[in-house]
Amino acid sequence: MEINTREKTDIVIFDIEGEIRRSDVTDFTLHQLVKDQLDAGKRNILLNFQNVDFIDSFGVGEILASYISTHNLGGKLKIAKISKKLYLVFQVTMLTKVLEIFDEEEVALDSFNKDQ
Amino acid sequence: MAKNLLNRVLSRFVEIKPGEEVIASLLFLYLFLIMFPYYIIKPYRDAKYLIELTSARLPYAYLLTALFMGFFVHFYTKLQVRIQRRVLIISSVTFFALTCLLSRWLFNLDLSWMPLAFWVWANTFVVVLITQFWILVNDIFNPREVKRLIGFFGSGGLFGGILGGLLTGLLGRDMPDIVLIIASGLLVLSIFVVNHIFIWQRKKSPPDDKVDHKHRERGAEQVKVGFIDCFNTVRKNYYLKLLAGVVTLTFIVSTFIDWQSKTVIDIKIERMDEKLEFFGFFHAALLVIPFFISIFMSSNILKRYGIRVTLLLFPLVLLLCIFGIGYRPEIFVFALAIKAGDKSLSFSINQYVRELLYIPISPELKYKAKVFIDMFLNRFAKGVGALILLFLVYIFLPPENWQWDWRDKVQLVSIIAVIFIGAWLLLNLKVSKEYTNIVKQKLDVKWDRGDRLVAEKMDVDYTKLVFDTIESRERSSVLYAMHLYDLIKQDKLTPEVRKLISYKADERRVASLGGLFESGETTLIPETDDMLGEEVLEKEVQEIMSLDVYQEVMKGYIDKVLVDKTNETKTSKMEVAKAIGLMESDSPLAQKLEELLEDESPEVSKYAIESAARLKRRELVPGLIYKLDNPLTREDASAALEKYGERIVGTLSDYLGDYDEDVGLRKEVASVLARIPIQDSADLLAWELAEENEDMDNELIDALDRIRSGQPDIQVQAEIIKTKIFKEIKRYYQILINSYETKSEVKRPEMSGKLSEDLAASMMNIFKLLGLIYPHEDIFRAYQNIRTATKDSIDYAVELLDNILPKDIRDVIFPLIEDLSLEERVKKCRVLFKAFPKMQ
Numbered sequence: 001m002e003i004n005t006r007e008k009t010d011i012v013i014f015d016i017e018g019e020i021r022r023s024d025v026t027d028f029t030l031h032q033l034v035k036d037q038l039d040a041g042k043r044n045i046l047l048n049f050q051n052v053d054f055i056d057s058f059g060v061g062e063i064l065a066s067y068i069s070t071h072n073l074g075g076k077l078k079i080a081k082i083s084k085k086l087y088l089v090f091q092v093t094m095l096t097k098v099l100e101i102f103d104e105e106e107v108a109l110d111s112f113n114k115d116q
Numbered sequence: 001m002a003k004n005l006l007n008r009v010l011s012r013f014v015e016i017k018p019g020e021e022v023i024a025s026l027l028f029l030y031l032f033l034i035m036f037p038y039y040i041i042k043p044y045r046d047a048k049y050l051i052e053l054t055s056a057r058l059p060y061a062y063l064l065t066a067l068f069m070g071f072f073v074h075f076y077t078k079l080q081v082r083i084q085r086r087v088l089i090i091s092s093v094t095f096f097a098l099t100c101l102l103s104r105w106l107f108n109l110d111l112s113w114m115p116l117a118f119w120v121w122a123n124t125f126v127v128v129l130i131t132q133f134w135i136l137v138n139d140i141f142n143p144r145e146v147k148r149l150i151g152f153f154g155s156g157g158l159f160g161g162i163l164g165g166l167l168t169g170l171l172g173r174d175m176p177d178i179v180l181i182i183a184s185g186l187l188v189l190s191i192f193v194v195n196h197i198f199i200w201q202r203k204k205s206p207p208d209d210k211v212d213h214k215h216r217e218r219g220a221e222q223v224k225v226g227f228i229d230c231f232n233t234v235r236k237n238y239y240l241k242l243l244a245g246v247v248t249l250t251f252i253v254s255t256f257i258d259w260q261s262k263t264v265i266d267i268k269i270e271r272m273d274e275k276l277e278f279f280g281f282f283h284a285a286l287l288v289i290p291f292f293i294s295i296f297m298s299s300n301i302l303k304r305y306g307i308r309v310t311l312l313l314f315p316l317v318l319l320l321c322i323f324g325i326g327y328r329p330e331i332f333v334f335a336l337a338i339k340a341g342d343k344s345l346s347f348s349i350n351q352y353v354r355e356l357l358y359i360p361i362s363p364e365l366k367y368k369a370k371v372f373i374d375m376f377l378n379r380f381a382k383g384v385g386a387l388i389l390l391f392l393v394y395i396f397l398p399p400e401n402w403q404w405d406w407r408d409k410v411q412l413v414s415i416i417a418v419i420f421i422g423a424w425l426l427l428n429l430k431v432s433k434e435y436t437n438i439v440k441q442k443l444d445v446k447w448d449r450g451d452r453l454v455a456e457k458m459d460v461d462y463t464k465l466v467f468d469t470i471e472s473r474e475r476s477s478v479l480y481a482m483h484l485y486d487l488i489k490q491d492k493l494t495p496e497v498r499k500l501i502s503y504k505a506d507e508r509r510v511a512s513l514g515g516l517f518e519s520g521e522t523t524l525i526p527e528t529d530d531m532l533g534e535e536v537l538e539k540e541v542q543e544i545m546s547l548d549v550y551q552e553v554m555k556g557y558i559d560k561v562l563v564d565k566t567n568e569t570k571t572s573k574m575e576v577a578k579a580i581g582l583m584e585s586d587s588p589l590a591q592k593l594e595e596l597l598e599d600e601s602p603e604v605s606k607y608a609i610e611s612a613a614r615l616k617r618r619e620l621v622p623g624l625i626y627k628l629d630n631p632l633t634r635e636d637a638s639a640a641l642e643k644y645g646e647r648i649v650g651t652l653s654d655y656l657g658d659y660d661e662d663v664g665l666r667k668e669v670a671s672v673l674a675r676i677p678i679q680d681s682a683d684l685l686a687w688e689l690a691e692e693n694e695d696m697d698n699e700l701i702d703a704l705d706r707i708r709s710g711q712p713d714i715q716v717q718a719e720i721i722k723t724k725i726f727k728e729i730k731r732y733y734q735i736l737i738n739s740y741e742t743k744s745e746v747k748r749p750e751m752s753g754k755l756s757e758d759l760a761a762s763m764m765n766i767f768k769l770l771g772l773i774y775p776h777e778d779i780f781r782a783y784q785n786i787r788t789a790t791k792d793s794i795d796y797a798v799e800l801l802d803n804i805l806p807k808d809i810r811d812v813i814f815p816l817i818e819d820l821s822l823e824e825r826v827k828k829c830r831v832l833f834k835a836f837p838k839m840q
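Line by line, the protein sequences give chains A and B. Those letters in the first sequence? Residues 1 to 116, by my numbering. Those letters in the second sequence? Residues 1 to 840, by my numbering.
Chain B extracted, bound-state conformation (with noise of 0.2 Å):
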């Protein structure tokens, strides 16, 4: 009861599923509990900083907390190794609880070098726990989950910090030294907290999670290094390698807007009562805005445009804000517009997004990348952004010199920031298009296309050849040495043919295949090594066909032959025709081919279609076209076509879109375009399919995939296709309905078989339409791992679809495909049912 009414409480903000609430609320907690003391004691120190030491100084904080940072992180990967995280974790906030209070008493002693200490602390305050919380995060959920639920989370950080940053400003005038005390009271109250969310990872992992859950956990172990490796791991690492980039681009460009918004303020605001609470208000009220960004915006953000977008707003906003302290850096509120805008969006899309960004990464790279970036680069990139400020504002543009005031100064780095950002952009675009193909590497390929395997595994047409010179032999010697020229033509003669071959009929005890080798079984195949060689048989037989009177003796025979209707010369029928086919193309007796394709006998048309294939005459295509409807001769007459290859593309569409033809018939001429796969063939076909003629939907769709999957290249008409997907996935939603309305009456707990049927083969088209112009590996990676994968998988497929997809199309699709009850499916359905008309 009690977890409904949380789920129904949490469902108002955020879209949480069953199992999820406890968890969730635990971490939003978690978070705030870290944010609110950090937001009262960040307007400590930069009140304490910018009065005791002025902003002039701030530089030297950015890089001692640089340098720091870098000892600090070689310390606490050492301390990582030697204690479990839950431990490290509860240690790390005690200490931090502890030092609070130390700073406190320290500062009463007026102690010259304590805002620039209490500066390093702070910052390293953050960086700890807020790792340590993205870690957690990044190992209880996967990216479809940390999708829908990090604003929740931030939000908590974010609401802690809006409450830290009144809570300063209001107690900031009157009474500023207790502000520490409570910070660090509310520091011991999440360590209770942090028990409780591994006492859930403990207890509630679902069964079937338990050994991914301890893989995890193993994992977590196996990957406590040190700094170097940390280091060795993301330089290794080209997707690592390119969010460090950005990290550190992220870092510098923040460390220029804090140090022109802090000079501007401390200029304008000159007390340090009124810095403390100007500070604890402006920190505050920077978080309202991030605050309802996350809970209302973030989620949807990252939903509606993607990470690609979603990543390039962050610098495009600041941008914009750099123009403005550029052009007028005397305005205050432009200081305070650029230091809102960078906050702002930091904490909230951006965090997100750079948590998103390292999901995919398996959990041992993740951990040590995040010790490396999270924890030591970001601190170095501030680090580097100050040295830059430094050369800037003391060399490049000297104190002494009475030309430049600090607008001038705030003008150039602005300057400065404007190209970092730029690159900071091209970085951003590279991340996500990495990421797309990460998220690809956690996706298996469960299967391989058939049609492909055998292509690639053997030579069909000479299989074929094998098994039929073996028929033959029992049927005439006449055709079994038209088959045996034949395989010789080919070079396809091997001594292993040769014996295998020879190999009588009714021999049954062969134990193996060396075994029949040696068997010395030769007698019924021709000793043609003895005879002729077999470049001067082939030579030949070629010359002799080429004879004009040989011509005209066979001719007078293949006349014979054909007028005779009875069973009788079937066997010479079939000789003839095959015999046709040794001919050269310009024979005048390849006209006698037609007669013999219309054969009634499928034994006589086999062999003239595989002499139309290998002559390729215009005239004998008709007669092939029209083999394809009988299930004996079609494989046959289809390979026959395929070989003519694209200049029979144009008769074969006139066949296709022949209303009058059997639609049987128009199926298989679809069937033959897919294997001619050249660009005409993909257009005629989808123009057939833009005939909205439903029975040869399937088909049509079929050969497009299997054009698409052999030539990815090949490009199929768009807008054919995406109004063909939209309809698809309407049918989807309208068997899916039905069928829940049909369940709910007769109350059966199981969809029916037939619809299940039905809702699996709409799927599939559905994913080989949408391959049909999106990326065909990847759509077709994600169906197969959607179809018979784990919950995991089928969160990555969905994640794949998400950065490969169009919003209007994951917009109705995703309701499909998404881990949803079927109740919620049919929910969601039935309201997209209705828009449907509006949306094509």
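Excised from the complex, chain A in its bound form (with noise of 0.2 Å):
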């Protein structure tokens, strides 16, 4: 798995290439990054599943820690991209209860501007 980060008008969007799994990971972890940039007082994050096939419970795992981590600070984080197979996997485990999903990242970066 690699993670690359980019910002667009403070909305911090990672570029996540790969699958989660929890044998996939090298340096960091997702949940990790999301806590650097928290830390560094960004509040709105994006992660981009453009090219995730798919993930394991640990990556279930780092994206719901990320967004715990990010809502306590009152801050937002949203997916974009995801593919519709882990989209219905999401639905019927009822992770879209709770995440945000945007088909198109404008559409996502929108929807922050729109919180705000």
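Be a bit skeptical, because a hint or two may be false.
[Unchecked claim] Here are the simulated DSBU-like pairs of lysine-lysine, each with C-alpha atoms no more than 30 Å apart in a straight line: (1) B:LYS722 - B:LYS667; (2) A:LYS81 - B:LYS492; (3) B:LYS446 - B:LYS433; (4) B:LYS430 - B:LYS791; (5) B:LYS727 - B:LYS807; (6) B:LYS667 - B:LYS754; (7) B:LYS834 - B:LYS17; (8) B:LYS754 - A:LYS35; (9) A:LYS84 - A:LYS35; (10) B:LYS440 - B:LYS457; (11) B:LYS236 - B:LYS433; (12) B:LYS499 - B:LYS457; (13) B:LYS457 - A:LYS76; (14) B:LYS492 - B:LYS570; (15) B:LYS754 - B:LYS727; (16) A:LYS97 - B:LYS643; (17) A:LYS97 - B:LYS457; (18) B:LYS236 - B:LYS440; (19) B:LYS241 - B:LYS430; (20) A:LYS35 - B:LYS643; (21) B:LYS730 - A:LYS35; (22) A:LYS76 - B:LYS643; (23) A:LYS97 - B:LYS492.
To be clear, the hints were calculated from the coordinates, so they are not data collected in a lab.
Build the complex from these two chains, which are given one at a time in their own frames, with help from the hints.
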């Protein structure tokens, strides 16, 4: 798994590539990267899942931990461009009840602005 | 320049902020010009009445005023529907100025009913103009602003009252008739001031406040309603009912006191000119005390003791005075003291607190409530007081009965007054409690805790199980089967999940969940329904696993798998780790989990952790705790330890307090304790916080905060937390001062990002700590509004904190959160920083 970070109008975007699995983690976990951004005062986080094929339960834990950390500080964590297959699993497991998921990155970015 | 000068002058008397100088001065002057004539009229009213109708007939005056006010308010509410507020106020002042002149002429005609009519007129005058004044103040300022400025406005009125009283005292003996002409002239002057206030309101509202201002005006327009609607508004609102109750009791007691003092004065001073002179000077003197209270003490008293204590002050002082006059009615000083106590505090502290109590109410409700309570109810209460007096003085102790003289009557009224003051004190306590609730309602919850949202909206264990099931399908049919068995066991193998997990891994083109379920792709899931019922399956598996022979055979297999250190057996180890979790807790094979927990593969460890959480064997706890150190197994280990529950809190505390352990691990242990929200966890975390190990502070505070947010009933040791609060505030001061000095040196207008982050983190810790020993939800709400909201929301948040925090904490935290410029904030922090060693 590889994670690249970029920023657009005060929104931190994580472009994730590969699978968020326990076996694929290298130096940093997703949650650690999110926490680093929160420590730096950022409050809006977007996870770009365009190149994420699948995640395991570790990945779910990482996303939820990131969501909780962000939310507890009054921030927002959202997901964009998730695969249909993954979205279906998210729906069945009710992750969609908690996480805001968008088809397009631009729409997701707009939604942050509307929240302000 | 002129404004700066005005600011400098006013700053000596009142905590005034830039932009407030003009409106504060205008309001000061407006109240001055209402109270000056009123304190000319009032002694005239009293003297005329006592001379011509005597104090024995005072209850009739109170009663008639109450009845008249009922009709008048009905008329007034109808009038205000048709007329704009500005026109209404100016018309009211003009009306009273003209009728004041008319009164002077009517008095010359020696009409017997005139003293009574003038009494009613004078009471109507003060009720109408004072109510209009405070409605205006309520429209312009929020509670925090009023708390700062109320003493200043009030002192304008008191200053006017003193001058009015003195003038009447000086002119009363020689030129009594001229005083009403002067009063009339002063009222005309106030019209110009009122006009300027409305011009200021229209022109000087800040741009960002324009919407709010428009809303207020619109609100005010919409609330122009009749008397019945005003009454119903109060009747239907619990807080307003309490407020109405307080006002009723205040005025009933005030009527008793007025009657008591005037009865004594009427007996001691006989002639009209002496009476007018006495009342003039007496009223002026009465106002000197509230004037000094207003200008120097009321804001401080309110700030220092808060609304609750301040509300009790007035009735308690009256209680003391009533004991005096009740004990020795013939002592003139007691009669003066009780009247002085009543008027001094009712015109200062009590008036201000009452106005403050109105402020958190919405403009619509406030307007209706003020019309009903301040214009009608207070006079109605005087009427009730008068009826009680009539009953006591003329029925209970009839005048023809020679045994009862005026002293007995004064004493009896004192006894009744004590009962009413008792009820008044109780209602005051209720009002102050409800006031806090009303302020709280003004503050929106900006965000809820993420962990609470997740816990409420989803089942994380189930979600992970579904993902693991899907993932295991690619890896091993054994693991897959065990996951399916898990889902069956938990009754979670719903048709949707069946379809989902049977969906081919490489399928990417399903349009919708419905489409997926219709795809008929079920080949990868065993048809358990056809083979065995789910209950039967569960029973069969449990029976097999508990067979001795199974345990023996599996032991051999597991030993063989564990011996092999190559990566090839990773899947087998995962299967074994998962399988042990399906066995009974007392299975001998459970011991193998210790070794599996230590496996270098996080995937094997993960299954071992899950199984350990199911079996909850004590010897596995240390292994689980060490798994907290690894980010890949941390969340699973934490969840597993949480499932052990309170029985491992002691073990966790050993690790938490072990300084030989890695700090990172100890931080994670604190986080696990937060997931076991019991009193012991809170105590252990608090003790650790008291150990002054700054590396751990953030995590310990966060853990305690999580416990309190979920379980507000859990108590955290206040001494430890209070010390920590002061330390954190001091740290905040230090960062703020340092950053300000750094900024000044390099002439940068903004503080550096790092220092801002440090300040934000420190502020968050301060509020988390406050939430540990004060109402957590209220503190959380206040913090959110201070961090994210508008000026008004910040003011309401500060007001809420003002009512729930003790003075020593308020004093040091308010400079950090109140609306101040950076320079002012740093200046205050510097002073407090130096005083800190004394505070702790």
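Outcome of the hint check:
1. B:LYS722 - B:LYS667: Status holds; Cα separation ~22 Å.
2. A:LYS81 - B:LYS492: Measuring from Cα to Cα gives roughly 28 Å; hence the hint holds.
3. B:LYS446 - B:LYS433: holds (24 Å)
4. B:LYS430 - B:LYS791: Holds, because 28 Å separates the two Cα atoms, which is no more than 30 Å.
5. B:LYS727 - B:LYS807: holds (17 Å)
6. B:LYS667 - B:LYS754: holds (23 Å)
7. B:LYS834 - B:LYS17: Holds - the C-alpha atoms of B:LYS17 and B:LYS834 are around 25 Å apart, at most 30 Å.
8. B:LYS754 - A:LYS35: This hinted pair holds, its Cα atoms lying about 16 Å apart.
9. A:LYS84 - A:LYS35: holds (28 Å)
10. B:LYS440 - B:LYS457: holds (26 Å)
11. B:LYS236 - B:LYS433: Given pair B:LYS236, B:LYS433 holds - Cα atoms ~18 Å apart, limit 30 Å.
12. B:LYS499 - B:LYS457: It holds: about 23 Å lies between the C-alpha atoms, which stays within 30 Å.
13. B:LYS457 - A:LYS76: With a Cα-Cα distance of about 17 Å, the restraint between B:LYS457 and A:LYS76 holds, given a limit of 30 Å.
14. B:LYS492 - B:LYS570: Holds, at roughly 28 Å.
15. B:LYS754 - B:LYS727: holds (20 Å)
16. A:LYS97 - B:LYS643: holds (24 Å)
17. A:LYS97 - B:LYS457: holds (6 Å)
18. B:LYS236 - B:LYS440: holds (20 Å)
19. B:LYS241 - B:LYS430: Holds, at about 11 Å.
20. A:LYS35 - B:LYS643: holds (26 Å)
21. B:LYS730 - A:LYS35: holds (26 Å)
22. A:LYS76 - B:LYS643: Judged against 30 Å, a Cα distance of about 29 Å means the pair holds.
23. A:LYS97 - B:LYS492: Measuring from Cα to Cα gives roughly 18 Å; hence the hint holds.
In terms of the numbered hints stated before, the structure departs from none.
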